[in-house]
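> The primary structure of each chain is shown beneath.
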Amino acid sequence: MTSMSDTTSRARAVIVGAGIVGNSLACHLARLGWRDLILADKGPMPNPGGSTGHASNFIFPVDYSKMMTQLTDDSTRQYKELGVFTESGGIEIARTDNRRQELRRRASAATAWGVPHRLLSPEEVQELVPYVDTEFIMEGLYFPTVGVVDSLRAGTLMREEAQASGALEVRANTEILGIDLSEDLKSVRAVRTSSGTIETEVVAICCGVWSPRIAQMAGASIPLTPIVHQMISVGPIELFADTLGEISYPIIRDMDTNMYERQHGGDMEVGSYAHRPIIVRPDEIPSIEQSVLSPTEMPFTQEDFDPQLEEALELMPSLLGNEKAGVRYAINGLISMTPDGHPVLGETPEVKGLWSVAASWIKEGPGIARAVAQWMNGDVPDIDLHEADIARFYPHQRTRDHVTARARESFNKMYGIVHPMEQWESQRPTRRSPVFEQEWGLGAVFFETVGWERPYWYDGNDELLEKYSDQVVVRNGEWESRWWSPIISAEHLAMREHCGLVDLSAFVVFDITGPGALDVLQALCVAQMNVAVGRVIYTSLLDERGGFKSDLTIMRLGTQWFRVVTGGSTGMTEKKWFADHLPEDGSAQLSDLTSAWTTFGLWGPRARDVLQACTDDDVTNEGFAFGTCRTIELGGVRVLASRISYVGELGWEIYVPIEEGAIVWDTLFQAGQEHGLIPVGIGVYATTGRLEKGYRAFGNELTADYNLVEAGMARPTVKKANFVGREAYLAQREQDPVARLCTLTVDDHRSSSGTLRYMLGGEPVLSLDGELLVDEKGRPSYVTSAGSGPSVGQHILLAYLPVANAQQGTKLQVEYLGERYPVTVAIVGSTPLFDPENERVRS
Amino acid sequence: MNVLVCIKRVAMVGARIVVTPDGQEIDTKQLGFTVSPHEECAVEEAVRIVERLGGTVSVLTLGPSEASEQLRDAAAIGATHLVHLKTDGREFDPIATAQAIVEVVHQLEAVSGTYDLILFGNEAPDTGDYQVGIRVAHSLDRPCVTGVKNLEVAETSARARREFRGGDELFELDLPCVLTVKEGINLPRYPSLPGRMRAKKAVIEEFEPVWQASLVVKEGLRVPNVTRERAEILGTGVDAVPALLALLEQIGVLS
Amino acid sequence: MSSYEPSRNETQHPSVLCLVETDDGTVIEASLRALSFARSLAQSSQARLIAALVGEIPEITASSLGSFGVDEAYAVTSTQLSPYAPVAWAQALRQLLVTCGATTLLAAGSDRGNEVMAHVGALTSEPMAANCFGATRIDDETVRLSRQRWAGSLIEDSLLRSTTALMTVAFDGVSSQRAEHATTTKISAFAPNLDESDGRTHVARWTGRSAGISLADARVVVGGGRGVGSADGFAALDELAELLGGAVGVSRAVTSLGWRPHNQQVGQTGTRIAPDLYLVSGISGATQHLAGCQSAKRVVAINTDPDAPIISRADYAVIGDLNQIIPALAAAIRERNSLTS
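Protein chains in written order, with this note's numbering: chain D, 1 to 843; chain Z, 844 to 1098; chain P, 1099 to 1439.
Hints listed in this document are in silico derivations from the structure and should not be mistaken for laboratory results.
One or more hints might be untrue.
Derived Cβ-Cβ restraints for the label pairs, each shown as a range [unchecked claim]:
no.	chain 1	residue 1	chain 2	residue 2	range
1	Z	Thr957	P	Ala1280	51 to 61 angstroms
2	Z	Gly1010	P	Gln1422	34 to 44 angstroms
3	Z	Glu934	D	Arg189	46 to 56 angstroms
4	P	Thr1402	Z	Glu1015	44 to 54 angstroms
5	Z	Gly1010	P	Thr1234	46 to 56 angstroms
6	P	Gln1422	D	Ser165	49 to 59 angstroms
7	Z	Arg859	D	Glu310	32 to 42 angstroms
8	D	Met421	P	Thr1402	45 to 55 angstroms
9	Z	Thr957	P	Gly1232	56 to 66 angstroms
No farther apart than 20 angstroms at their CA atoms in a straight line, the calculated lysine to any residue pairs in the SDA-like style are these [what the hints assert, rightly or not]:
no.	chain 1	residue 1	chain 2	residue 2
10	Z	Lys1043	D	Pro307
11	Z	Lys992	P	Ala1302
12	Z	Lys1043	D	Glu310
13	D	Lys352	D	Phe578
14	D	Lys324	P	Leu1355
15	D	Lys413	D	Asp304
16	Z	Lys1061	P	Glu1224
17	Z	Lys1043	D	Asp304
18	Z	Lys1043	D	Leu518
19	D	Lys575	D	Leu518
20	Z	Lys1044	D	Phe578
21	Z	Lys1043	D	Asn700
22	P	Lys1395	Z	Ile1076
23	Z	Lys1044	D	Glu310
24	Z	Lys992	P	Leu1355
25	Z	Lys1043	D	Asn322
26	Z	Lys872	D	Glu311
The model shown is predicted, which means the values in this text are computed figures rather than measured ones.
Beta carbons are placed, not taken as given, at the ideal position from N, Cα and C, and that holds for glycine.
All chains, please: the whole structure from these sequences, using the hints.
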């Protein structure tokens, strides 16, 4: 090996890691016409010792995330094409009432994504899987399309395809020693390996649990941690002796015990996510030479698995309880865990040309690889990957403490019943607004967003419940009353009657400045950005295909000075999008001011009275028009006021230097007392206020697979200046949309048991005869956002509907927790239910 | 038939052993532990003997508190009594180990009678001392045969066979006796899940052995330097057969 | 360390005593290695090298002892010693040790060597260091030694503190080397004082070598691992081994799977082999296995994966499917044999 280390070669891209992801990525890049690829792994082929080698290799097709479901679906299709997929079926088992409800929720998700499924009685479960004891089963959810794959073989086939096409050189037993960067340390120049240096501008890290270690060589971070998943293999199982092939019985997921049981030839594999979270540092993973089995098959710790034995035996007493069947293989298998459970994909924000393709399961590997290959190729991936974008992480989310704490917390939720609003317990609080103390004093109930503690509602506002009792809906269904309070509705009504003060500290704020600033913005934004100084513009950002990349507001503060404001959860990806489009000549710069400015929203009919009480500046409608911004003096502080609203009320976003945030809050709060001002939580801002106004949210309604026309956001004209996605947008405008975003209201909330139930979002939309609505592009209709509309007295749902169904007054159904509820299309397009003429915001 | 099996907790090492920075121990941070392979067979042999003749299988280990895991491993495949000579982690040399075992055997036998058979592994893979069983046999004044790969046990006697230069040596012994066995005497069973459950609940009798300094004073451990050139590739597939044949000719192994 | 001066008086030379095992009158290789080791230890401490053999010492054996620099050899005879009885052998050695005033007693790290020396250790209550491959005497009570742990994957450096140093010699760590100057070995008889109890445990019956060549002694070993694919797959290896006058050796995985008996297992817990040629196929090369073939003179590996660990431990390699190559090689050998005969 040393004799080769002097040699230098060149590659278009170096793919590090020959697990399922790296092999697939090599194949897909080759299919896209890339040549001179090198795939390097420190281990031998075909099993270099990563997590692919010990994966249990089964695929359940449903996830609550559309992205994950699509990635799994695409992967399954690829595995089938490679001939390595065996359909076995799979059953999720409920042992408890709560789990039974959860199975129904999963069934609804399956309906939404068009995945075949069926609820089974215990006896029906036993018919399919004769060795289960029905005593411990309440219900089963059967997915007939579940299957197992040979992921090692799939990887080999894909690698060999790329080799055969002449695009790929494979270097086994080649360790990465370092990554060399350009002089400005901003882009990749070469990879140093034990078999020589490879000059390249592109490195894809597909190293699973080792990924952080490799990224670190380039000064970048990939926030994931190796964590142990225990698995044992028990055999020989007499019943399996005569079965053909790898698997003949459906895989069982015993959800309440966090375990699965899966036939593997003559053995039964039992895997567990029930044991204590066992975190391993990436630099503690043993070398290949030190390992007994492989580096990611760490020594089994019996005491961690012991408590699971009993539950496994309960469910399959005759089969696993046979004294002649022994534990033939047992490992602490390493898998990757990220702080939010999603993969970590895309070019690292730190280093150009350094790509992360990490934290993938077998079930997503080929799909992820195909999508990332498209992305690397400069195309828009077929599957919207924004939830998995590596750029999403804030600095604190990249710390070892954060990654391990969140991994530890989410490990036992792998099979858990996780509410969509469920809050993290660890690493809190991390980011505190300057008025955290005031909010605490007002009884704020804090929810976390990207580290920020945001009041979701204020328990101190509970007296409003009585005042608005005739309009506030109380939820009796346990599921939808979790992580929710009727106070949200009361705050909403009070704000609409008087006014409310909302803490928006989680906003991401960055300035684009310089002679080239306008060009940068024009090239990215759909809206005309060449506007007067002092204008505030809400705009969408598109990808090349005309799908949504972002939506945000931009203030023009000077001829060469724009301030971009966007939401916390997507801010970091958007920042990278802007940074990637800055001119190379340096004529425009981006500066992140998130930690310099805090923001308060002051909204409601009395907002002007409150603001005027605090300032001598002219804040009349004539003096301070809607859609403008300017600096005013508020008490002894100069603040930037921007007259826009996300809740459909008169008012301002007020930007304050963070150290002066508390005094400004106090000033407004005191002045507001005589005008009925109350503190208002994010529950109103993000849900009730927004939905009554039909405002679309990025990630919910605004995703890469829908467009401005379908979302009802197309403006009469398109600006002349070119921008990303313009061509596609023009084409979209020429065609009749196949789906349109509609506002739906629920006609009857009564469930079969008589309880009034309220949807939370994600529910499939069905025709009256129970068929899932699917548009001409094959996109299923599901509820993108759902929430109360206290002022309109309706539970509001947004959903894209096929044009045939997108007619006002159309009667449809939605499925929620296994039951169907009648709904009516109230509005087609963007007209709001509340204040349809938008008189309030302009008053 | 009462059988006592003495086992040792040893690390499971891969292709390369790593020594701690002070050079005194092997680095076991990322390693698992197991019953040494010969002894795993010894436990299996004992269980089979008792399955056939009735009686008890006691398993004894001398080691740190974690060595209870190996006792439970033995229980999972059928050991009925577990005995732990709990150390503070210091290495006991063969003399100290044998003395500690003998003392406990005296105590145990005083209560429940003489062990007809005391089984050891032929040698521990980690230290490779080849002598604890023999030292115990001398102290107890019982006959001893090492390296046993075939064992027939009757009520009062045993016939033990072992390999010697491609042949087969037979020893006939009266019970009680001490035997050290080698892997290959049987193919040990895997623990069943019910076995694991029993092991979990098994009671472990604990003793505190007395450590004594060894007369083989360890100065340090090191990993041998193995530098070997990469193999010369003779060819690929059956095309390489002529080259292979020529090589065999050259080495002189063809008649 | 080389400055060690023996403190004993002129009349009693310090000496190193080494148990020598023979097979049909021939000193076994392991004992030759032990003698080589013993000689260098003796030379470093200006001691005499004395050999102990059980039974008479024929002329031919004496001359081979001489070529290994043995100054004096004792033919140890007693009815208790044969058939082999480990305690009797140990008692005899212990008595001889006293008689010849040796400060060091060595034996090969063979099954018997380790067994007898462990008994000597137990009888004398002295420590015994097994599988040493380096030793230097420091003073009358101290030998600095290096010994194998983990079948040679790890080395322990130690000080052996005992007036009588008991050691066995690692087979894989030492080579057999004749003395620069052959000596004329003085042969003496030694009749130990043994009683019946010393011979109580003895070989009751010895069944001769089973048919075929024993794995440990084979000049050629044809090795097969999990990659052979099935129990039936070994037929081709058997055939090749027969053609080469060798034996088949297998990995631990193969015996665990029950494809082949354990006595064919090469490795730390199986048989240590030392052939001229180890032709190994379908084995990736785990430590447990490599520990058993360290003494093979040449390793030729057949493997589908050019990057398997075994390839880097081999001298020659063929990349490809053993199930094709092995039969083809056997056919080629048969053809060659038919031409030459």
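> Please list, smallest to largest, the hint numbers that this structure does not respect.
5, 6, 9, 18, 20, 21 and 26
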